[in-house]
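Read top to bottom, the protein sequences are chains A and B. All residue numbers for the first sequence refer to the numbering used here, where the first residue is 575 and numbers rise by one. All residue numbers for the second sequence refer to the numbering used here, where the first residue is 4 and numbers rise by one.
Hint data in this document are derived by calculation from the structure and do not stem from the laboratory. Just so it is clear, CB atoms sit at the ideal spot from N, CA and C, and this is done for glycine as well. Hints are supplied without guarantee of correctness; some may be wrong.
Residues from chain A shown here face chain B by an in silico Cβ test under 8 Å; the list is partial [as the list claims (entries may be wrong)]:
| # | residue |
| --- | --- |
| 1 | TYR637 |
| 2 | ILE837 |
| 3 | ARG838 |
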Amino acid sequence: MSYDQNPVLIGAGTTAEFGVFPDRTILGLAAEALKDALDDAGLDRHELDGLVTNMGSPLSRHYDRICEALDLDIEFSAQYWAHGRWASSCVQHAAMAVEAGLADYVAVGLGLKFNAVSQFGGNERASLSEIGSISEHSERPWYGMTAPVGGNALATRYYMEKYGATSEDLAHISKTFRDHAALHPRSHFADPITIEEHQESQYIVDPLRLYDCAPLTDGGAYVIVTTAENAESLPNEPAHIAGMEGLSAGRNNHLFARPGMGIRTQEEYEYDASVTDPIYERAGVTRDDIDALFTYDAFTPNVWYALERWGFCDPGTAFEFARDGNIGLDGELPMNTHGGLLSNGHITAWNHFVEMYDQLRGKAGDRQLDGADTMQYATPFGDSIILRTRP
Amino acid sequence: MTNRPLPQIDDDAPFWNAASDHEFRMQQCGECGHVRWPPSPVCTECWAEEHEWTELSGRGEVNTWVVFHRVYFDAFADDVPYNVAEVELEEGPRYLAPVECDNDDLYRGMPVSVVFEDVTDEVSLPKFEPK
Ligand SMILES: [Zn+2]
Chain A
575 MSYDQNPVLI
585 GAGTTAEFGV
595 FPDRTILGLA
605 AEALKDALDD
615 AGLDRHELDG
625 LVTNMGSPLS
635 RHYDRICEAL
645 DLDIEFSAQY
655 WAHGRWASSC
665 VQHAAMAVEA
675 GLADYVAVGL
685 GLKFNAVSQF
695 GGNERASLSE
705 IGSISEHSER
715 PWYGMTAPVG
725 GNALATRYYM
735 EKYGATSEDL
745 AHISKTFRDH
755 AALHPRSHFA
765 DPITIEEHQE
775 SQYIVDPLRL
785 YDCAPLTDGG
795 AYVIVTTAEN
805 AESLPNEPAH
815 IAGMEGLSAG
825 RNNHLFARPG
835 MGIRTQEEYE
845 YDASVTDPIY
855 ERAGVTRDDI
865 DALFTYDAFT
875 PNVWYALERW
885 GFCDPGTAFE
895 FARDGNIGLD
905 GELPMNTHGG
915 LLSNGHITAW
925 NHFVEMYDQL
935 RGKAGDRQLD
945 GADTMQYATP
955 FGDSIILRTR
965 P
Chain B
4 MTNRPLPQID
14 DDAPFWNAAS
24 DHEFRMQQCG
34 ECGHVRWPPS
44 PVCTECWAEE
54 HEWTELSGRG
64 EVNTWVVFHR
74 VYFDAFADDV
84 PYNVAEVELE
94 EGPRYLAPVE
104 CDNDDLYRGM
114 PVSVVFEDVT
124 DEVSLPKFEP
134 K
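All chains, please: the whole structure from these sequences, using the hints.
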């Protein structure tokens, strides 16, 4: 099946750099990235009538302040919660808006200063209401347990104990994505690292080391969503949103573990990835058609969980697949070809969408995959989008 | 200990009230007997609302654990490296708390039982010790 209006990406833009910018404002970063995206799309800001973002203050700015400051006149806006995990939900929301005729051209993304928060997850967050008695990242401030790295580490230990994976297996993921980032001119971290450097790096929360955790990055990125018909009069070749899958929730879901693993409220059962078949059916593709897979790699083990959740690896085998060279640019299934959150920059996955679009239109430079026509974004949390060069 | 984070007591108030008496209580369904955690307004098996806060055995096994090396909370600066473990209780639910043992001694399936640390006049924290 395809969507009636054929929602597409028609432009993508970012700040000129990703990094740590104490002297820059969030609004300034948003303006630079949005201007880049509109220029790319061949659109004037007055043609933009939709805006969707995954977070407002304090890490970004609320949609209304963005529109006021950048002089946008928006008729359809939506803002998600203050978390990075909503990127594909935002693109889906924009696609639904153009599908339903609520907007013609929707900018999706944000300007972001992760470094506006001095230390993510510490005392200053203990008082936030979201860290109530029990939270989805497993925050327990009274036991010294913070988020999200703590919750991720809990799942990682479980996975390692159950399947025999090791910290050195994670090192190969860090190294691979760093190698990809070295081929991207805007990367926050582009210096290569070795397996040994990973293994010698300090533990943040054992079993996760420094190089298992994405940096806190400042920057901005937007993509522009419209219909295939609207795109015909614009200069770029569009990327078609061929399939979508929403964010999962419930007692068998955990942000950092595929279903069936058996941590927190999850039941332990033999996970069957065929539950994710519908997105491939909607997009009219099979898993073998996916030229590159992009995931929310805030932490290296997310690669394991995504590969298994989406059926690219059987439960308990993704650590070997990722370790053995399969997720590199020359591998069987290249992943996060721009370096991901871990090295290109923690732009809460907006840089993933920019990279997927660049790969599909042959603009990925030294990272370009030959003949790539199908890209998938898919997270351990259960949300996904498949982009294709044709409907 | 200064600046120590304390639980924000909400729908788990009966849990913390019991803990201050050194009792480990969770919700048990009045219809099907299922013991649930975290707290829920309805049974997660049968959606019945009737329940009581039943005292549990306090025994369980380590399901997974982490060791914090970085200082996220000022109050724990002197404690690093410290552990936090997810313990699967005999009654079924999993509860997250430190195990008072050497971090290197932790293993999956390690039998533990609950103990209480009095932190303030109102708050006692359930923790675990090897059994
Ligand atoms: Zn019940």
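Cross-check of the supplied hints:
Because the beta carbon of TYR637(A) sits about 29 Å from the nearest beta carbon in chain B, more than 8 Å, this interface hint is broken. Satisfaction of the interface hint for ILE837(A) is found here, the shortest Cβ-Cβ separation to chain B being roughly 6 Å, below the 8 Å cut-off. Annotation: interface hint on ARG838(A) holds; nearest CB of chain B at approximately 6 Å, less than 8 Å.
In this structure, the one hint that does not hold is number 1.
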